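Those sequence lines, one after another, are chains A and B.
Mapped onto our numbering, the consecutive letters of the first sequence carry residue numbers 1 to 108.
Mapped onto our numbering, the consecutive letters of the second sequence carry residue numbers 1 to 112.
To be clear, the hints were calculated from the coordinates, so they are not data collected in a lab.
Fair warning: this is a prediction, and the values are worked out from it, not measured in the lab.
Treat the hints with care, since some could be wrong.
Computed list of chain B residues with no C-beta within reach of chain A, every gap over 10 Å [to be verified]: (1) Gln44; (2) Asn56; (3) Thr100.
Subject to a maximum C-alpha distance of 25 Å in a straight line, what follows is the list of computed SDA-like cross-link-like pairs (lysine to any residue) [to be verified]: (4) Lys3/A x Gly40/B; (5) Lys3/A x Gln18/B; (6) Lys3/A x Gln41/B.
Just so it is clear, CB atoms sit at the ideal spot from N, CA and C, and this is done for glycine as well.
Below are the chains, spelled out letter by letter.
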Amino acid sequence: DAKTTQPNSMESNEEEPVHLPCNHSTISGTDYIHWYRQLPSQGPEYVIHGLTSNVNNRMASLAIAEDRKSSTLILHRATLRDAAVYYCILRRGGNMRFGAGTRLTVKP
Amino acid sequence: KAGVTQTPRYLIKTRGQQVTLSCSPISGHRSVSWYQQTPGQGLQFLFEYFSETQRNKGNFPGRFSGRQFSNSRSEMNVSTLELGDSALYLCASSYTSGDTQYFGPGTRLTVL
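Use the sequences and the hints to build the structure in full.
Here it is in structure tokens:
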């Protein structure tokens with residue numbers, strides 16, 4: 001299975017943009033890049049996903065490298081509510097394989 | 001629309017017992033997946049059911065089993081509980097297999 005690599009932790013200041021990186025050098029052509037986040041004491045929550053092109057939604061933006069070997073989740077203005085563990089997942093078909101994720105701390 | 005619900009939310013069992021956890025998916029969703037989350041191993045995929053059939057299975061022993069009913073509700077069962085089975089068990093539903101998954105709050109199982 002293709003694997004993702006993320007930094008263990010990142011810090012951000014409130015109201016500033018946050019760029020969360022993910023490396024997936026062994027990605028295959030049919031793997032979708034998914035991002036989920038898990039707030040304390042909750043189940044994971046879908047954030048965004050993409051295949052080749054950059055994607056935007058009300059929560060975040062996803063920038064995918066041209067060779068697809070890396071991607072970046074962008075939170076445009078971090079709030080305290082965005083403090084969570086962010087998971088970058090390569091998905092092919094039904095199941096999802098989570099890595100350790102990046103713990104994002106947002107400072108007021 | 002109501003989200004994914006899991007019952008019970010908390011459970012305490014002793015070694016050797018068995019346990020059944022329940023998951024009600026979002027209305028209209030036909031795929032249900034189960035995950036185990038522990039501090040040491042993180043989130044690990046257990047299995048996925050779609051239209052009452054197991055579609056995918058993770059790398060867990062046969063003590064872990066599941067099923068899905070005609071109304072898409074799902075149960076998972078763990079027999080002969082071990083201390084290492086203490087974990088948060090998460091259920092996720094999606095409209096179809098491969099679609100975006102929506103997670104429930106989980107069932108916290110403690111094995112003593």
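Going down the list of hints, with the structure as the test:
1. Gln44: violated (8 Å)
2. Asn56: Answer for Asn56/B: violated, closest chain A Cβ roughly 5 Å.
3. Thr100: violated (5 Å)
4. Lys3/A x Gly40/B: Distance ~18 Å between Lys3/A and Gly40/B Cα, so the pair holds.
5. Lys3/A x Gln18/B: Violated: Lys3/A and Gln18/B sit about 34 Å apart, past 25 Å.
6. Lys3/A x Gln41/B: Satisfied, since the Cα-Cα distance of roughly 15 Å is no more than 25 Å.
The structure fails hints 1, 2, 3, 5 (numbered hints given earlier, in ascending order).
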